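Participant: Chains X and R supply the protein sequences, listed in that same order. So for the first sequence, our numbering puts the first residue at 74; every next one is plus one. So for the second sequence, our numbering puts the first residue at 513; every next one is plus one.
Simulated from the structure, these hints should not be mistaken for lab results. Where hints are given, some of them may not hold.
[To be verified] Pulled a few chain X residues facing chain R out of the computed Cβ check, cut under 7 Å:
| # | residue |
| --- | --- |
| 1 | Gly96 |
| 2 | Arg100 |
| 3 | Ser288 |
| 4 | Pro289 |
[Said to hold, decoys possible] A short list of chain X residues far from chain R (calculated; beta carbon distances all over 12 Å):
| # | residue |
| --- | --- |
| 5 | Phe85 |
| 6 | Leu94 |
| 7 | Leu123 |
| 8 | Arg182 |
| 9 | Leu184 |
| 10 | Arg191 |
| 11 | Leu194 |
| 12 | Ile222 |
| 13 | Leu313 |
| 14 | Phe324 |
Bear in mind the structure is a predicted one, so any value in this text is a computation, not a measurement. Just so you know, even glycine gets a beta-carbon here, dropped at the ideal spot from N, CA and C.
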Amino acid sequence: MSPETSRREAGFPLSAYLICLQGIVGRELLRFLHQRERFVAALVRPLVWLFIFAAGFRQVLGVSIIPPYTVYVLYEVYITPGLLAMIQLFNGMQSSMSMVYDRETGSMRTLLVSPLPRWFLLSSKLWAGTLVSVVQAYAFLAIAWFWGIEPPLWGYLAVLPALFLSGLMLGALGMLLSSLVRQLENFAGVMNFLIFPMFFASSALYPLWRVRESSPLLYRICELNPFTYAVELIRFALYLRVEPVALAVVFGCTVLFMVGAVLAYDPARGFLARQQHDAGGHP
Amino acid sequence: MAIEEVAYAYGRRQALDRVSFTIPPGRFAVLLGLNGAGKSTLFQLITRLFATRQGTIRIFGHDVLREAGAALRRLGVVFQARTLDLDLTVRQNLAYHAALHGIGRSAAKMRAAEVLARVDLAGRVSERARNLSGGQMRRLEIARALLHQPRLILLDEPTVGLDIAARADILAHVRDLVANDGVAVLWATHLVDEIAQDDQVLVLHQGRLLADGRLDALLASTGAGDAETAFRRLIERPGAVP
Numbered sequence: 074m075s076p077e078t079s080r081r082e083a084g085f086p087l088s089a090y091l092i093c094l095q096g097i098v099g100r101e102l103l104r105f106l107h108q109r110e111r112f113v114a115a116l117v118r119p120l121v122w123l124f125i126f127a128a129g130f131r132q133v134l135g136v137s138i139i140p141p142y143t144v145y146v147l148y149e150v151y152i153t154p155g156l157l158a159m160i161q162l163f164n165g166m167q168s169s170m171s172m173v174y175d176r177e178t179g180s181m182r183t184l185l186v187s188p189l190p191r192w193f194l195l196s197s198k199l200w201a202g203t204l205v206s207v208v209q210a211y212a213f214l215a216i217a218w219f220w221g222i223e224p225p226l227w228g229y230l231a232v233l234p235a236l237f238l239s240g241l242m243l244g245a246l247g248m249l250l251s252s253l254v255r256q257l258e259n260f261a262g263v264m265n266f267l268i269f270p271m272f273f274a275s276s277a278l279y280p281l282w283r284v285r286e287s288s289p290l291l292y293r294i295c296e297l298n299p300f301t302y303a304v305e306l307i308r309f310a311l312y313l314r315v316e317p318v319a320l321a322v323v324f325g326c327t328v329l330f331m332v333g334a335v336l337a338y339d340p341a342r343g344f345l346a347r348q349q350h351d352a353g354g355h356p
Numbered sequence: 513m514a515i516e517e518v519a520y521a522y523g524r525r526q527a528l529d530r531v532s533f534t535i536p537p538g539r540f541a542v543l544l545g546l547n548g549a550g551k552s553t554l555f556q557l558i559t560r561l562f563a564t565r566q567g568t569i570r571i572f573g574h575d576v577l578r579e580a581g582a583a584l585r586r587l588g589v590v591f592q593a594r595t596l597d598l599d600l601t602v603r604q605n606l607a608y609h610a611a612l613h614g615i616g617r618s619a620a621k622m623r624a625a626e627v628l629a630r631v632d633l634a635g636r637v638s639e640r641a642r643n644l645s646g647g648q649m650r651r652l653e654i655a656r657a658l659l660h661q662p663r664l665i666l667l668d669e670p671t672v673g674l675d676i677a678a679r680a681d682i683l684a685h686v687r688d689l690v691a692n693d694g695v696a697v698l699w700a701t702h703l704v705d706e707i708a709q710d711d712q713v714l715v716l717h718q719g720r721l722l723a724d725g726r727l728d729a730l731l732a733s734t735g736a737g738d739a740e741t742a743f744r745r746l747i748e749r750p751g752a753v754p
């Protein structure tokens, strides 16, 4: 067989890639529909913050007029973009946890032994997880509307690409983490050491100028936290504005985390290969 | 499939030591070895879950590392651990697998009907995978492995945990594929009673291939009267490759 023939045989038409993407997205949505409790849990968490935390802190935490807001806003309005990003953060981590579980139970192998390129399979899985998180975010926005959170009507549309981009970034981060974690039990530690610090050390709950007043060090940490930029990207998009720094950081981090995840899942080069080499673990 | 001088180590532990063998099309090959012999490691290397660091693995002429797509599309795999999505139905599990191979919806539907009929699961298409028995789940995994019409099927201890009837049933289904479709099969097991007279027997022990040949040749070379005795004699003198 000539090398040219080999190359032709190895290649897949574009339609095969689309079918594969459709299949992976379809499976993720089916799993999501079958796990209704996951949907409810994903909504309850931010709603508790909105209904209880925000109501309690409304009088304590004053929010001055800062972009993108042009008038004084209630505290619950301020934290809504942070809660949208929170949904995506938890969804990204949950997806990665399910990847660790799938790796342990073996169903991840059916994905990894498929003939299409691994980077494409992982990217498709990432898109599928992000789509689920966007559905959850819109469900939250719909409920929040009844609570008086009413961004401009076009904001609901403008926030869509921001939600996709931030969802991709957080999903890619989760995917990268899933490659570092050898066993599911270890993932709880990662969740505690990553999710909560990421969420609290950001602009999700309080504006950064307030953080700077109380702790310059925490302010620096918040500035270095990519989650801060995801929150700001969503916040500005929801009010029909683009925050270029947030857009650049979120885009850059998405690419960085995704490249890291693809390399980590490469059997020859990645962390998984090292783990197997060290301990004979399963991919 | 041609495996040449493949070696693999987990840290200092050598899992495979310069293993070489070939499986021609239409052959039922049994990879026989105790637990920890290196069978699963070899499967991980063939399916590119692990990267081959030493030696080469070719599937119908395609190097698994360098031409992974071309090699993997000819390969059907049934792993030792269950890999079905238990929340999805039989049909949805197959549709997902078809999509992973870039097979369109209508073609996937037709092929699913064919393979399910072959493994006697045609009446269970709408059933959730978790409602199937152990034997039925295995048959579904075999159907899934056949869906993209591979020319080589790898099965890693597929009868583990099944009762006698289900074991015989699975084995018969796979032998039927070899006889009627000319598919090559690599069947990893530690159960000697799964070997038939015409099978190519590969004995793997502590990462080394101790024997490669038909059962009668194995019996003749060890002077044993049955497969179990031949296997025991081989592994008691590791290093003696007939």
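Participant: Arg182(X) clear of chain R by more than 12 Å, beta carbon to beta carbon?
Facilitator: violated, 6 Å
Participant: Hey, does Leu94(X) actually stay past 12 Å from chain R on C-beta?
Facilitator: The assertion about Leu94(X) is violated, with a minimum of 8 Å to chain R.
Participant: Far enough from chain R: is every CB of that chain over 12 Å from the CB of Ile222(X)?
Facilitator: holds, 34 Å
Participant: Holds or violated: is the Cβ of Ser288(X) closer than 7 Å to a Cβ in chain R?
Facilitator: violated, 45 Å
Participant: Using 7 Å as the Cβ threshold, decide whether Gly96(X) counts as touching chain R.
Facilitator: holds, 2 Å
Participant: Would the least Cβ to Cβ distance between Arg191(X) and chain R come out above 12 Å?
Facilitator: Since the minimum Cβ distance to chain R is about 8 Å, Arg191(X) lies within 12 Å and the statement is violated.
Participant: Can Arg100(X) be said to touch chain R, with a Cβ gap under 7 Å?
Facilitator: holds, 5 Å
Participant: Classify the label on Leu313(X) as holds or violated, using whether its beta-carbon is more than 12 Å from each beta-carbon of chain R.
Facilitator: holds, 37 Å
Participant: Should the label of Phe324(X) as a non-interface residue stand, given a Cβ cut-off of 12 Å to chain R?
Facilitator: Check passes; 29 Å lies beyond 12 Å.
Participant: Taking the closest pair, is the beta carbon of Leu123(X) still more than 12 Å from chain R?
Facilitator: Given a closest Cβ separation of 30 Å, the condition holds.
Participant: Over 12 Å from every CB of chain R: does Leu194(X) meet that, or does the non-interface label fail?
Facilitator: violated, 8 Å
Participant: Does Pro289(X) hold up as a contact with chain R if the rule is Cβ-Cβ below 7 Å?
Facilitator: This interface hint is violated because 46 Å lies over the 7 Å limit.
When each numbered hint is compared with the structure, violations occur for hints 3, 4, 5, 6, 8, 9, 10, 11.
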